[in-house]
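**Q** Sequence order for the protein chains is Z and Y.
In terms of the UniProt record's numbering, the first sequence opens at residue 1 and continues consecutively.
In terms of the UniProt record's numbering, the second sequence opens at residue 1 and continues consecutively.
Please note that the accuracy of each hint is not assured.
Same chains, same names: a pair is fine if it fits in one copy or spans any two.
Subject to a maximum C-alpha distance of 25 Å in a straight line, what follows is the list of computed DSS-like cross-link-like pairs (lysine-lysine) [said to hold, decoys possible]: (1) LYS54 <-> LYS87; (2) LYS43 <-> LYS2; (3) LYS133 <-> LYS176; (4) LYS54 <-> LYS43; (5) LYS27 <-> LYS135; (6) LYS43 <-> LYS135; (7) LYS75 <-> LYS27.
What the hints contain is simulated information worked out from the structure, not anything from laboratory work.
Protein chains: 2
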Amino acid sequence: MKVGILLFEDFETLDVFGPVEILGRLKEHYQIDFFSAPGGVIKNYHGVAINTKKLELISEGVNIFIIPGGPGTRKEVNNKYLIEIIKQISASSKYVLTVCTGSALLAKTGLLNNRIATSNKRAFDWVITNGEKVKWIRKARWTIDDKYYTSSGVSAGMDMTLGFLAQLHGIEFARKVAFHIEYNWQEDKSEDNFSQQ
Amino acid sequence: MKVGILLFEDFETLDVFGPVEILGRLKEHYQIDFFSAPGGVIKNYHGVAINTKKLELISEGVNIFIIPGGPGTRKEVNNKYLIEIIKQISASSKYVLTVCTGSALLAKTGLLNNRIATSNKRAFDWVITNGEKVKWIRKARWTIDDKYYTSSGVSAGMDMTLGFLAQLHGIEFARKVAFHIEYNWQEDKSEDNFSQQ
């Protein structure tokens, strides 16, 4: 399956590269490409710079669309062009996965209306203002609603991506991937050590 | 402190971007740069491409030198130029951190001789052939020996980096960083769920 990862200025590093580590090693199943609205090099506040294709080229179709979070989402929720193209691509993709505040961008399209979703617990109160008809779940490591997967903050994206593999390939397959990257996978999506405080 | 991260063809994605997520967000303490022997764009098998500075420019000094692992280490252990420059930079750096099979590259320099170290559990038997005088510890999430920190496979680099923060800034500081990235940090470096099998 083709995996398209959305980048924008000040994306969160691990939101992107956690899922990339997990899906990228399964080359027989997943092929990853990076996209952004303007195309070209996209940087973040950790000093990471990644070359991207123009998002409109994705119209040829991706099967899995991944939307990370990061400080940049605060600006991008007001980028009407970006939200519109996220809406189009998400609607036509087989699966949509958001990490951290990436769910704010997806919520802004309206596609999460009447669906369950979660997000970063430190940014939760802001995130939910971007989708008042979304059934936000504060205490969840990640959520699944039909084709939409949303995760809590940063590291939770890895747990969700493994949960996604479990849905598509079975739990033993996902456990094997976690084992190979020596990751202590939190398998229970409803357990959330970060929702209090 | 200046952080220099070594890249080479087919580095492991998360070995690099786990530590980058953790140190990169502490901009008041750490400034990250990517280096490689040839300089320029370095790619890996997950389709990640990062622009790097030439490794010899690092001679101006870094405080923390990070060596990731990945399939590329199998080739690079035989790259005499790279091993020699890793040796020089490691000797002059205040701290050296290796992730996964990155410890094979550091072991090859001889700097780990008579020191404790660990590595990826799936590649362990190969790794230890690169440093017969190293006191290899099979069951460890990460190890500390003076200025040398070495971690187990892939995800363990994040636990080690948080352990490094705990040494320098105290355990509560490290816990706070883990909390902010919603990471279930395994704080005990001697606990290792991946050393059997």
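**Q** Are the hints correct? Go through all of them and say.
**A** For each hint, the structure was consulted:
no.: 1; hint: LYS54 <-> LYS87; result: within (16 Å within a copy, 41 Å between copies)
no.: 2; hint: LYS43 <-> LYS2; result: both (23 Å within a copy, 19 Å between copies)
no.: 3; hint: LYS133 <-> LYS176; result: neither (37 Å within a copy, 32 Å between copies)
no.: 4; hint: LYS54 <-> LYS43; result: both (15 Å within a copy, 20 Å between copies)
no.: 5; hint: LYS27 <-> LYS135; result: neither (35 Å within a copy, 35 Å between copies)
no.: 6; hint: LYS43 <-> LYS135; result: neither (32 Å within a copy, 40 Å between copies)
no.: 7; hint: LYS75 <-> LYS27; result: between (34 Å within a copy, 21 Å between copies)
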